[in-house]
Amino acid sequence: MSKVKHAGHKGIEICVSWQPAKDGHIPPNAIEAAPGCFVGRAKHEDCWIPAKVAEGHTNAYVPYDGKEHSIPEYEVLVCSEIGCYGKGYKWVREDSGDVPKKALVAGREKNDEPLYVARGEVDGEMCVGKVHKNHHCAYFPYGGTEHSSEEYEVLVLGE
-8 MSKVKHAGHK GIEICVSWQP AKDGHIPPNA IEAAPGCFVG RAKHEDCWIP
42 AKVAEGHTNA YVPYDGKEHS IPEYEVLVCS EIGCYGKGYK WVREDSGDVP
92 KKALVAGREK NDEPLYVARG EVDGEMCVGK VHKNHHCAYF PYGGTEHSSE
142 EYEVLVLGE
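If you're matching positions, the sequence shown starts at -8 in the numbering used here and goes up one per residue.
Simulated from the structure, these hints should not be mistaken for lab results. We treat Cβ as the ideally placed atom computed from N, Cα and C, and that holds for glycine. Among the clues, some could well be false.
Here are the in silico distance ranges between beta carbons for each label pair [said to hold, decoys possible]:
no.: 1; residue 1: His126; residue 2: Pro19; range: 17 to 27 Å
no.: 2; residue 1: His127; residue 2: Asp14; range: 33 to 43 Å
no.: 3; residue 1: Pro63; residue 2: Asp89; range: 29 to 39 Å
no.: 4; residue 1: Ser8; residue 2: Arg99; range: 10 to 20 Å
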């Protein structure tokens, strides 16, 4: 979100929204974690989980229970700002399960624990995954496996 201040007017602009997608479609204005790697989320085991959506792939990928799961229907986070108040989000470096204020909740575990959008490198490739506070790390889907990392960046809403 972005703070709006103009000629005595004040407000907040919500700058992101989720758009349904499938079969490798990446909507216009999709938010990139890295070139060709986009922020998504998908439903798996009755949970919404932050997902990696990559150009050239037909599915989104979520980290869950030690594996990378391929999901054909997913949602992609898009920038929906109107263009003059700022993009309204940023990536903030964190570690050990910590998340900053205004971190974007993009999913939940079966016990309703919130899951936050993370990005991090696995084998030199930038991935989108989830921060799992109770596990003190982030998890990323890559190469068929769920990879944990104590160092990552979190997507945060704000100026």
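Under the constraints set out in the numbered hints, which ones does this structure not fulfil?
1
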